[in-house]
Amino acid sequence: MNTLEIKNLNVSIDGQAILKDFNLTIPKGEVHALMGPNGTGKSTLAKVMAGHEDYTVESGEILLDGENILGKEADEISHAGLFLAFQYPMEIPGVSIANFIRAARQARLPEGEDINAVEYYKELYAKMDSLKMDRKFTARSLNEGFSGGEKKRCEILQMAMLEPKYCVMDETDSGLDIDALRIVSEGVNHMRSEERGFLVITHYQRLLDYIIPDVVHVMYDGRIVHSGDKELAKELESKGYDWVKEEFASASA
Amino acid sequence: MSDTDLQDQAIQVDTEKGNFSYPEDYEFDAGVGLNEETVKYISKVKNEDPWVLDFRLKALEIFNKKPMPTKWADTDLENIEFEKIRYYLSKGQVPARSWDDVPDDVKETFERLGIPEQERKFLAGVEAQFDSEASYSRMKEDLEKEGVIFVGSTEGLAKYPEIFKPYFGKVIPTSDNKFSALNSATFSGGSFIYVPKGVKLKQPLQAYFRINAENFGQFERTLIIADEGAEITYMEGCTAPKFETATLHSAVVELVALKNAKIQYITVQNWSSNVFNLVTKRGMADEGAEVKWIDCNIGSRLTMKYPGVVLKGQGARGEVLSIALANDGQHQDTGAKMMHLADNTTSNIISKSISIGEGRSTYRGQVHMPKHLKNCKNNTECDALLINTNSRTDTYPAITTRGQNNTVQHEASVSKVSAEQIFYMMQRGLSEGEAMSLAVNGFVNELMKAFPMEYSVELKRLIDMEMEGSVG
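Line by line, the protein sequences give chains A and B.
Taking the working numbering as reference, the numbering of the first sequence is continuous, increasing by one, and the terminal residue is 253.
Taking the working numbering as reference, the numbering of the second sequence is continuous, increasing by one, and the terminal residue is 1472.
One chain only, chain A, in its complex shape (with noise of 0.2 Å):
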């Protein structure tokens, strides 16, 4: 049960199959990165698994601890514990990160019940440090105007804030410079343990070097193709993307 289990998900968008077959069971305490070239589908995976209404679900299940969460809205799916962190975080202009973080967690609240003001600030504020945030952070609009590597910051910030069971992350490491990159990789870090799952989604090996995964998934046209341990990694940006188009492109056809 302790599980995040995706089984037979098949995708498609406008009739165009985007996900085929798709399988993976990321259990509690283990991180999984899934590599691939662009296009094989795996930003479509993270937004359907996060409940995105752009695409058609032909058939399949996402087991979150046993519960199918596929076909929920965004924010039951969010509720369940499945975090997204975006490839590309949305500007929403004149909500304070400080605002919008206290939304997320009050919406999770029982009727009736508030937010302690003084230790959500105290929360944050010790969060943010960790991520070597600037406290003036929290005043700023959501996003607008921030560089790269600060809307990938802020986007760790609010997974560490609303401790989910399950985190998928998309391209966290794209726009990063290597400074950024070991902050956001250490804010991930801190935040593993054994009552949480990953799912690092990411198309350079880089990240890898700093976020260890205990398992990894390659993925072309629309399914995992190989599984294997973080040495995957290193062979796949050793061989790079093509080898594994030559490999697995007859297995896929």
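If you're looking for bench data, these hints aren't it; they were derived computationally from the structure.
Fair warning: there could be bad hints in the mix.
Anything over 12 Å on all C-beta distances counts as not near chain A; from chain B, calculated [as the list claims (entries may be wrong)]: (1) Thr1075; (2) Leu1143; (3) Lys1202; (4) Ser1273; (5) Lys1312; (6) Gln1314; (7) Gly1357.
From the structure, some residues in chain A lie toward chain B, with a derived Cβ separation under 7 Å [claimed, not checked]: (8) Asp75; (9) Leu84; (10) Ile92; (11) Ala104.
Note that the structure is predicted; figures quoted are calculated from it, not measured.
We put the beta carbon where it would ideally sit given N, CA and C, even for glycine.
Following the hints, put chain B in place on chain A, whose structure we already have.
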């Protein structure tokens, strides 16, 4: 819907909370329709001086002659059935000075709206108008000692003609528009306020306008005079129940800020969706004086309101900050007018409108700087936010600038809350309605900082309510 229930308990004034009415039981009733007899009846009940009756009858003539402004305005105006409206309803002429003396049904109405509680918390004085007349009026005693006058229009004209008559109908002449003429013929209630030289009110005075009867027209008349160096903040709130038939609210508000005086006038209206809200508001600012309108328009079927400032003296300042929220079936036609009549005058207009569903919002701005003036400045910003593709927004700025070193700056923007923004917020656990109201609150956030805290809290909750209801 449980969230809505929760907000219901916390909120001071919201659309649902305003949606109740008590059985009608009026001592004075001018009947249905408008003619000379109606006007005479109102004047007689109020025991007015002959000059006031003359003023009313002339206004009625002008009202009858003036065409509806449908050449440029919403043709929905044609649907107002003047002959079916009741123009005067009251339970009595003298407002109580204690809530204990207010009739039970009226007292309960205002208690449900939270007025006595607000009075205790942060107000210097309150007037609560129920249909045509104020049921309750009270100001803190120390202000009375300082010579501040805070009374209804009838009492103001009867008791203090030497103060109010010189300015009455001068900032907004009867013939300004069809609805200012209608108000001038039928006015009742509203606030007449005089703040003596140098007196600065630390707390706001508040009026609350409540329509209880169906097919009713509320025509309050407000005149605020701040003498030299005086300062006052005045706030008004409005609600009405949801009746089947249209109700008319047509007020005239005149502000007079003498040399170096400051007047801030704040409106948070939350009319139900059957109310035609056609209001004329204008302030006059003398040398070094400041008039500031803060105007929030939520609800109503059609609102037409363009608060203005006549910048009459050197160095006068005028400001209009407005927020309009047009939901399904509503049209918020709002804006501002700035008339620069002296050198070194400055004006600022910030307008934010939100259109939801089939809601429509229109901005009309007029800035006038004639040729002979120097060093005048205007800044206009109008931003529109659209919540879905059926929403509509229009902007009609009219700016005339001549003269030397006069500068005008105009910025306008239209933005949308995108599906991707909503998805992002929902992924963090907010419901669709919560996500939308957060986006809307973000849109008006900067402007809300200009509001007194109590009102920005109330406004935020009103927006939340509107957004909760708008998610299908």
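Here's how the hints hold up against the structure:
no., hint, result
1, Thr1075, "holds, 35 Å"
2, Leu1143, "holds, 35 Å"
3, Lys1202, "holds, 28 Å"
4, Ser1273, "holds, 27 Å"
5, Lys1312, "holds, 36 Å"
6, Gln1314, "holds, 37 Å"
7, Gly1357, "holds, 19 Å"
8, Asp75, "holds, 4 Å"
9, Leu84, "holds, 5 Å"
10, Ile92, "holds, 6 Å"
11, Ala104, "holds, 4 Å"
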